[in-house]
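Enquirer: So the protein lines, in turn, are chains A and B.
Residue numbers for the first sequence follow the working numbering, beginning at 1 and rising by one.
Residue numbers for the second sequence follow the working numbering, beginning at 1 and rising by one.
Heads up, some of the hints might be wrong.
As the list claims (entries may be wrong) - BS3-like cross-link-like pairs, simulated, lysine-lysine; straight-line CA separation at most 25 angstroms:
1) A:Lys84 to B:Lys91
2) A:Lys36 to B:Lys384
3) A:Lys398 to B:Lys185
4) B:Lys289 to A:Lys393
5) A:Lys435 to B:Lys91
6) B:Lys234 to B:Lys185
7) A:Lys98 to B:Lys185
What the hints contain is simulated information worked out from the structure, not anything from laboratory work.
Residues per chain are reported as follows:
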Amino acid sequence: MLSDSHQNSKFTAETASTLVNELRATFVSGETMSYKWRVSQLKQLYKIVEHHEQEIVDALLSDIGKPPLETVAYEIAMLKNSCKTAIKELKHWMTPEKVQTSLTTFPASAEIVSEPLGVVLVISAWNYPFLLSLDPVIGAIAAGNAVVLKPSEIAPATSALLAKLLGEYMDNSSIRVVEGAVDETSALLQQKWDKIFYTGNGRVARIVMAAAAKHLTPVVLELGGKSPVVVDSNSNINLQVTTRRIIAGKWGCNNGQACISPDYIITTKDYAPKLVDALKTELESFYGKNPLESKDLSRIVNSNHFARLTKLLDDDKVSSKIVHGGEKDETKLRISPTLLLDVPRDSLIMSEEIFGPLLPIVTVDKIEESFDVINSGPKPLAAYIFTNNKNLKEQFVKTISAGGLVINDTTIHLAVHTLPFGGVGDSGVGAYHGKFSFDAFSHKKAVLYRSFFGDASIRYPPYTKTKFRLMKALMTGSIIGIIRAIFGKS
Amino acid sequence: MNNNIGMEVEETVRELSQYFKTGKTKSVAWRKNQLQAVLDLVHENEDAISEALYQDLGKHPVEAYRDEIGGVEKSAQNSLISVEKWMAPKKSSMPLLFFPSKGELLPEPLGVVLIFSSWNFPIVLALDPIIGAISAGNVVLIKPSEQAPACSSFLANTLPRYLDTNAVKVVEGGGDVCEKLLQHKFDKIFFTGSPRVARIVMTSAAKNLTPVTLELGGKCPAIFDYLSNPSDFKMAVKRIVGAKWGICSGQACIGIDYVLVEEKHSSELIELLKKFVRRLYGDNMIESKVLSRIVNKQHFQRLCNLLKDPLVAASIVHGGSVDEANLFIEPTILLDPPLDAEIMTEEIFGPFLPVITVNKIQESIEFINSKPKPLAIYAFTKDKTFKRKIVSETSSGSVTFNDTLVQFLCDTLPFGGVGQSGIGRYHGKYSFDTFSHEKAVMHRYLCLEIEPRYPPWSKFKLEFIRLAYRFNYFGLALHMLGLKKQN
Numbered sequence: 001m002l003s004d005s006h007q008n009s010k011f012t013a014e015t016a017s018t019l020v021n022e023l024r025a026t027f028v029s030g031e032t033m034s035y036k037w038r039v040s041q042l043k044q045l046y047k048i049v050e051h052h053e054q055e056i057v058d059a060l061l062s063d064i065g066k067p068p069l070e071t072v073a074y075e076i077a078m079l080k081n082s083c084k085t086a087i088k089e090l091k092h093w094m095t096p097e098k099v100q101t102s103l104t105t106f107p108a109s110a111e112i113v114s115e116p117l118g119v120v121l122v123i124s125a126w127n128y129p130f131l132l133s134l135d136p137v138i139g140a141i142a143a144g145n146a147v148v149l150k151p152s153e154i155a156p157a158t159s160a161l162l163a164k165l166l167g168e169y170m171d172n173s174s175i176r177v178v179e180g181a182v183d184e185t186s187a188l189l190q191q192k193w194d195k196i197f198y199t200g201n202g203r204v205a206r207i208v209m210a211a212a213a214k215h216l217t218p219v220v221l222e223l224g225g226k227s228p229v230v231v232d233s234n235s236n237i238n239l240q241v242t243t244r245r246i247i248a249g250k251w252g253c254n255n256g257q258a259c260i261s262p263d264y265i266i267t268t269k270d271y272a273p274k275l276v277d278a279l280k281t282e283l284e285s286f287y288g289k290n291p292l293e294s295k296d297l298s299r300i301v302n303s304n305h306f307a308r309l310t311k312l313l314d315d316d317k318v319s320s321k322i323v324h325g326g327e328k329d330e331t332k333l334r335i336s337p338t339l340l341l342d343v344p345r346d347s348l349i350m351s352e353e354i355f356g357p358l359l360p361i362v363t364v365d366k367i368e369e370s371f372d373v374i375n376s377g378p379k380p381l382a383a384y385i386f387t388n389n390k391n392l393k394e395q396f397v398k399t400i401s402a403g404g405l406v407i408n409d410t411t412i413h414l415a416v417h418t419l420p421f422g423g424v425g426d427s428g429v430g431a432y433h434g435k436f437s438f439d440a441f442s443h444k445k446a447v448l449y450r451s452f453f454g455d456a457s458i459r460y461p462p463y464t465k466t467k468f469r470l471m472k473a474l475m476t477g478s479i480i481g482i483i484r485a486i487f488g489k490s
Numbered sequence: 001m002n003n004n005i006g007m008e009v010e011e012t013v014r015e016l017s018q019y020f021k022t023g024k025t026k027s028v029a030w031r032k033n034q035l036q037a038v039l040d041l042v043h044e045n046e047d048a049i050s051e052a053l054y055q056d057l058g059k060h061p062v063e064a065y066r067d068e069i070g071g072v073e074k075s076a077q078n079s080l081i082s083v084e085k086w087m088a089p090k091k092s093s094m095p096l097l098f099f100p101s102k103g104e105l106l107p108e109p110l111g112v113v114l115i116f117s118s119w120n121f122p123i124v125l126a127l128d129p130i131i132g133a134i135s136a137g138n139v140v141l142i143k144p145s146e147q148a149p150a151c152s153s154f155l156a157n158t159l160p161r162y163l164d165t166n167a168v169k170v171v172e173g174g175g176d177v178c179e180k181l182l183q184h185k186f187d188k189i190f191f192t193g194s195p196r197v198a199r200i201v202m203t204s205a206a207k208n209l210t211p212v213t214l215e216l217g218g219k220c221p222a223i224f225d226y227l228s229n230p231s232d233f234k235m236a237v238k239r240i241v242g243a244k245w246g247i248c249s250g251q252a253c254i255g256i257d258y259v260l261v262e263e264k265h266s267s268e269l270i271e272l273l274k275k276f277v278r279r280l281y282g283d284n285m286i287e288s289k290v291l292s293r294i295v296n297k298q299h300f301q302r303l304c305n306l307l308k309d310p311l312v313a314a315s316i317v318h319g320g321s322v323d324e325a326n327l328f329i330e331p332t333i334l335l336d337p338p339l340d341a342e343i344m345t346e347e348i349f350g351p352f353l354p355v356i357t358v359n360k361i362q363e364s365i366e367f368i369n370s371k372p373k374p375l376a377i378y379a380f381t382k383d384k385t386f387k388r389k390i391v392s393e394t395s396s397g398s399v400t401f402n403d404t405l406v407q408f409l410c411d412t413l414p415f416g417g418v419g420q421s422g423i424g425r426y427h428g429k430y431s432f433d434t435f436s437h438e439k440a441v442m443h444r445y446l447c448l449e450i451e452p453r454y455p456p457w458s459k460f461k462l463e464f465i466r467l468a469y470r471f472n473y474f475g476l477a478l479h480m481l482g483l484k485k486q487n
């Protein structure tokens, strides 16, 4: 069976409802629960990325002009890793976790069983359209769910490729792709899901969560925010390494169109010129003298986003602050890596997530003030600091609330599957990656086994004083209290 | 008037938020201090709590201790002992590729949390989440249920005497206050109650992307497989009777809603149920005060209406008498009421126990699966295969074999629902986690650098990254030395 995108008819709420019913029927049959099914589907998914690298690279090149190496490194390799980890660890993840039982419920044994939630919906984003579609799907499959994936219509080539490949490789009685935009998404959101996993922006996330509330559906919301980079000038940091790592996280990640890309830098006034110079030098060595022509930079995804970014730069308070770059080519949708120094904090560029190749630098008198700057805004998805000062690191970890923190590097925590990836506050709800993905799509069921032996009469009326004392001792687990109560001394 | 509530709420939320920003609630000392204060509160006010529970629900003092005061004590004590351990960052292993680096998970408080508690266990369902919120270092605004007014005012008067008033505040009131509260931005909302209100809460939470924990209920079944040993049979029935009526007269989210039994054993079961009802609760139940009453007129009416259906009334095999003046309903057993009657489609939340017969006990799995996922499933059986089947083929917040309600007391087990029975979980460490954000922290050093991370991109760098992601260190070494064949 081909995926639903190949049908010509309009995708309405009724179509969506039929689709969910079909998948629910498969789920209820119990097929997706077995270890065998989960592993076989994960292996199929692995085959997709293994066998179709060139098509994926081409789709991303067409959608966002993503450099092939970036596609291979951040999308294909990451997915392969996720798949492999899941296949390797799945037995272990699925094993019920034995837990201790207390004296109160003695004798008993207890365990926590991970069970699939049912039929889940994954809505993904356009900036890492392959990774952000399939990485959650890996978690959903590993946990034994039936899945509907709605890729972003803003990356149409990838969306079509996902529909085609998942249609060909995956078990279509439980894994499906629905392509489309607002109408299709609305039709999907009217249905009852057992989990909705959304990657994107805060505005749509609110719509998704409100729709989920109607059916009491739990959600994972992977959003973004203004992820700051603090550069400390007083601790003899290696400036070249620092700037390279900032550039790799900013322009090397889809030209800044990534949810964990550095959004702005905070450094001290006196150090800013040095930092700007170092950034300029490294930018030139990476992308050459004419970065608009560089093949190593993604383009801006579409003209809407190009206009949005242009607007940020055209702000009167901001346009005079450009210290590097600022060149644009509207026909090719390209903007060169742009540095802005000392932009006012109340400008548009400093109040919205930038999501593009513009990097403002905010200056403070003392580096400690940077924490106040960060905490005055909504909680970001990531926060970075470059410093060798131990105290400053500790302060940073203690005072900055964000989805994740990286000290002396940027964005690489994304690739570590032992760390949960997800936001807090405005940057999202819930987390995934590795075991956390499995957990995000599982219900942790408490199972308690008791025997008929050893029931204390205190549980039942008629209630007496002795029973009361014994119960108190039992509840608080006090052995001496129990003995006392039994012997009638309290 | 309404405006005043609005302003008061706004002021309270602002104060709490400011206090959280001072960072005082983050310290271990503060958390421990507050947990100790919760312990002191319940120790020193046991009688007052019992009295309030008696006023609101006619709860017997022993029931009050067993289900509420004792539960709070146990939770607070457990948190007090464990909180430092819970707060410690967890190390994560790092791939060699990122050497030298280290990773950790650091739990941090979410901020200002809003707790809505419910009327059926008005003390434990208010204080237990507070214990979790405090352990995790948050500031708390709690709105107790207005349907248990004595407990609500007890909490409003007593909490400020024991806890840091800057960090834990109580707002009393009904729907209008809820509405005002939900207009504000919180960092977490913890709600115990009905699915109807839960939907409203979650819809409001969506406006601010606030995460929610929803503790709801559902029709919790008890599967009664035939137990050949008479003493096991008796014990099982006793446990059912204790759990159905002995816990707030069935007004409990994890109480047994109905029993499933094979047809041929139903009469034996019903006889024994009747016997234990008499033995445990006596003949004069109103006088003996051993059973809780129905919380209020509205719920009393709702329950009476369930019996009004003539087919349902005809299925009553025990009890059925009601006393409106005392808001008391006798323990009532029904045999096979119509399955499409409200008593079998809605959560009962009262002292009625329908016994539903099936041909084979295995069919009960299908029966349960035809309804929304319940908060708990109880099963009395010694059949190992059947136990496995129940665990793997049904879905619920918890499954308890051969007993009832004890899962609530087991701090090592997560307590919470799935599907219609709720979102999220708490108790013990899970309470701490519910009110924490687990922050991923990765430490790197600025010495060692891997050149292929950076553009301009080349074939060499591509191959390097490929190998690195596979953690193929040998291949990586060959590649660096130029010894590996390019494919």
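Enquirer: Holds or violated: are the alpha carbons of Lys234 of chain B and Lys185 of chain B at most 25 angstroms from each other?
Expert: 52 angstroms, violated
Enquirer: Keeping to a limit of 25 angstroms between CA atoms, is the pair of Lys98 of chain A and Lys185 of chain B held or broken?
Expert: This hinted pair is violated, its Cα atoms lying about 38 angstroms apart.
Enquirer: Below or equal to 25 angstroms on CA atoms is what counts here, so check Lys435 of chain A against Lys91 of chain B.
Expert: At roughly 15 angstroms apart (the allowed maximum being 25 angstroms), Lys91 of chain B and Lys435 of chain A satisfy the hint.
Enquirer: Hint check: Lys398 of chain A vs Lys185 of chain B, CA-CA at most 25 angstroms. Holds or violated?
Expert: 23 angstroms, holds
Enquirer: Lys36 of chain A and Lys384 of chain B: Cα distance at most 25 angstroms?
Expert: 23 angstroms, holds
Enquirer: Taken at face value, is the distance from the CA of Lys393 of chain A to the CA of Lys289 of chain B at most 25 angstroms?
Expert: 62 angstroms, violated
Enquirer: Is it true that the CA of Lys84 of chain A sits at most 25 angstroms from the CA of Lys91 of chain B?
Expert: 22 angstroms, holds
Hints 4, 6, 7 from the earlier list are contradicted by this structure; the remaining hints agree with it.
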